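These protein sequences, in sequence, are chains A and B. For the first sequence, the positions run 57 to 257 when this note's numbering is used. For the second sequence, the positions run 57 to 257 when this note's numbering is used.
To be clear, the hints were calculated from the coordinates, so they are not data collected in a lab. Don't take every hint at face value.
The list cannot tell twin chains apart, which means a pair is met if one copy fits it or any two copies do.
[As the list claims (entries may be wrong)] In silico lysine-lysine, BS3-like type, Cα no more than 25 Å apart, as pairs:
#	residue 1	residue 2
1	Lys167	Lys69
2	Lys183	Lys69
3	Lys183	Lys167
4	Lys69	Lys164
5	Lys69	Lys162
6	Lys139	Lys208
7	Lys164	Lys208
8	Lys208	Lys162
9	Lys208	Lys167
10	Lys69	Lys213
11	Lys164	Lys183
12	Lys69	Lys208
Please read all numbers here as calculations on a predicted model, not as lab measurements.
Number of protein chains: 2
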Amino acid sequence: MNNKDIGSRIQIKPSTFLNPVPVVMVTCGDMEHANIITLAWVGTVNSEPPMISISVRKERFSHDIIRSSGVFGVNLVSEDIVKQCDYCGVRSGRDTDKFAETHLTKFKGEKVNVPLIAESPVCIECKVADISELGSHDMFIGSVENVSVSDKLFDQKGAIDLSRAGLVAYNHGEYYVLGDRVGFFGFSVAGRDALNRRMKK
Amino acid sequence: MNNKDIGSRIQIKPSTFLNPVPVVMVTCGDMEHANIITLAWVGTVNSEPPMISISVRKERFSHDIIRSSGVFGVNLVSEDIVKQCDYCGVRSGRDTDKFAETHLTKFKGEKVNVPLIAESPVCIECKVADISELGSHDMFIGSVENVSVSDKLFDQKGAIDLSRAGLVAYNHGEYYVLGDRVGFFGFSVAGRDALNRRMKK
Numbered sequence: 057m058n059n060k061d062i063g064s065r066i067q068i069k070p071s072t073f074l075n076p077v078p079v080v081m082v083t084c085g086d087m088e089h090a091n092i093i094t095l096a097w098v099g100t101v102n103s104e105p106p107m108i109s110i111s112v113r114k115e116r117f118s119h120d121i122i123r124s125s126g127v128f129g130v131n132l133v134s135e136d137i138v139k140q141c142d143y144c145g146v147r148s149g150r151d152t153d154k155f156a157e158t159h160l161t162k163f164k165g166e167k168v169n170v171p172l173i174a175e176s177p178v179c180i181e182c183k184v185a186d187i188s189e190l191g192s193h194d195m196f197i198g199s200v201e202n203v204s205v206s207d208k209l210f211d212q213k214g215a216i217d218l219s220r221a222g223l224v225a226y227n228h229g230e231y232y233v234l235g236d237r238v239g240f241f242g243f244s245v246a247g248r249d250a251l252n253r254r255m256k257k
Numbered sequence: 057m058n059n060k061d062i063g064s065r066i067q068i069k070p071s072t073f074l075n076p077v078p079v080v081m082v083t084c085g086d087m088e089h090a091n092i093i094t095l096a097w098v099g100t101v102n103s104e105p106p107m108i109s110i111s112v113r114k115e116r117f118s119h120d121i122i123r124s125s126g127v128f129g130v131n132l133v134s135e136d137i138v139k140q141c142d143y144c145g146v147r148s149g150r151d152t153d154k155f156a157e158t159h160l161t162k163f164k165g166e167k168v169n170v171p172l173i174a175e176s177p178v179c180i181e182c183k184v185a186d187i188s189e190l191g192s193h194d195m196f197i198g199s200v201e202n203v204s205v206s207d208k209l210f211d212q213k214g215a216i217d218l219s220r221a222g223l224v225a226y227n228h229g230e231y232y233v234l235g236d237r238v239g240f241f242g243f244s245v246a247g248r249d250a251l252n253r254r255m256k257k
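So here's chain A without its partners, still in its complex pose (with noise of 0.2 Å):
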């Protein structure tokens, strides 16, 4: 662990500077009447119980949807639906069904009553337990109830293999693969074994 040239730096104005951020398609309403919102603004914030956070401006269709449900759906996006998934992002659910113009497949949650994607690699269903309002966006707080995996992320193990999903991370306003796998948790401290078989698979 040696310096490296670290350069100097310059001041920008305080802004919304966290990159990479996970980017998902957001679905509420009910399975007449279901919209999708992408988006960026979201995060794992709690383990036990396992909680979500997704930030909706107010002025959003889907912000009201959710606050009057007290439900919503996170739909992880793979790289074969991130057309669709930006789609939802600059369309309104006021003009248009967003399901039928990227003929996306609904379905209904097991354990929470909303629409999900089922071209999403990974649903996970919430119930919101909290609403904060902290200026231009609401943050509501999901208590995941339940998670579906597509049974293609499965190995010959039955252990879910991630990497199978393709998922894309938004980066500074662009749409990105991930790349290479550079470390795994606890790598900085394994011992050659480990490092030998976790580095290589």
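Guided by the hints, dock chain B onto chain A, whose structure is given.
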């Protein structure tokens, strides 16, 4: 936008399955007694004013430092410091001077009295605006007071080219660099000129 074969779904227990997520080195304390904690439960939660959430387990050494000082730094992680990042996630500041052990370089924030990491491509200075007890973790909402960017990220026109940073994402327990760029915000409805201009670079 056509359907693909959607296969079938496997239900798994409620868990923290949002992926990929950011991974950052959060700094706290002062220039004499500084600590670094690696966190992935972080996210942007508001745009105007800019706010970030970080979730920290109550028993972590940094938890009380951030709570009592009311400030923290969010240091983005590039591939060349991912090993130090991992190390700061598996060792505790109770036992270790992480700046000394990782040879990372401390510098003081411009607007917030908090140590930051000079090797980080982007450092975000935050003041704690709110704390919520969620269960295993406390969620700290930080208002962004300043951002500094390495001068190496600026292109010839003086614009920030974040692709130069080699930022790392965290995906299901593993660190990945970003791979191919597969779109930009609005690409699904962009005209041919914009697509040619922006997807070529």
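(request) At 25 Å max between alpha carbons, let me know whether lysine 183 reaches lysine 69 within a copy, between copies, both or neither. (result) This pair counts as between: shortest inter-copy Cα distance 15 Å, intra-copy 36 Å.
(message) Within, between, both or neither: how does the pair lysine 167, lysine 69 come out at a Cα-Cα threshold of 25 Å?
(response) Answer is between: at 11 Å across copies they meet the 25 Å cutoff, but 44 Å inside does not.
(message) With identical chains, the pair lysine 183 and lysine 167 could be close in the same copy or across copies; at 25 Å between alpha carbons, which is it: within, between, both, or neither?
(response) Classified as within: same-chain Cα gap 10 Å, cross-chain 38 Å, threshold 25 Å.
(message) For lysine 139 and lysine 208, with the copy left unspecified, which applies at a CA distance of at most 25 Å: within, between, both, or neither?
(response) within (21 Å within a copy, 31 Å between copies)
(message) Within a copy, between copies, both or neither: which one fits lysine 208 and lysine 167 at a CA-CA cutoff of 25 Å?
(response) Within. Shortest intra-copy distance 22 Å satisfies the 25 Å Cα cut-off; inter-copy 49 Å does not.
(request) Have a look at lysine 164 and lysine 208 and pick one of within, between, both or neither, based on CA distance no larger than 25 Å. (result) This pair counts as within: shortest intra-copy Cα distance 20 Å, inter-copy 48 Å.
(request) Since the copies are identical, ignore which copy is meant and state whether lysine 208 and lysine 162 lie within 25 Å (CA to CA) inside a copy, between copies, both or neither. (result) This pair counts as within: shortest intra-copy Cα distance 18 Å, inter-copy 45 Å.
(message) Checking an output row: lysine 69 and lysine 213, CA cutoff 25 Å. Within, between, both or neither?
(response) This pair counts as between: shortest inter-copy Cα distance 18 Å, intra-copy 50 Å.
(request) Indicate which option fits the pair lysine 69, lysine 164 if close means a Cα-Cα distance not exceeding 25 Å: within, between, both or neither. (result) between (43 Å within a copy, 17 Å between copies)
(message) When Cα atoms must be at most 25 Å apart, do lysine 69 and lysine 162 count as within-copy, between-copy, both, or neither?
(response) Between copies only: 21 Å across chains, 42 Å inside a chain, cut-off 25 Å.
(request) Go through the copies and call it for lysine 69 and lysine 208: within, between, both or neither, with a Cα cutoff of 25 Å. (result) Result: close only across copies, 18 Å inter versus 44 Å intra.
(request) Indicate which option fits the pair lysine 164, lysine 183 if close means a Cα-Cα distance not exceeding 25 Å: within, between, both or neither. (result) Only inside one copy: lysine 164 and lysine 183 sit 14 Å apart there, 41 Å across copies, limit 25 Å.
The structure meets every hint from the earlier list without exception.
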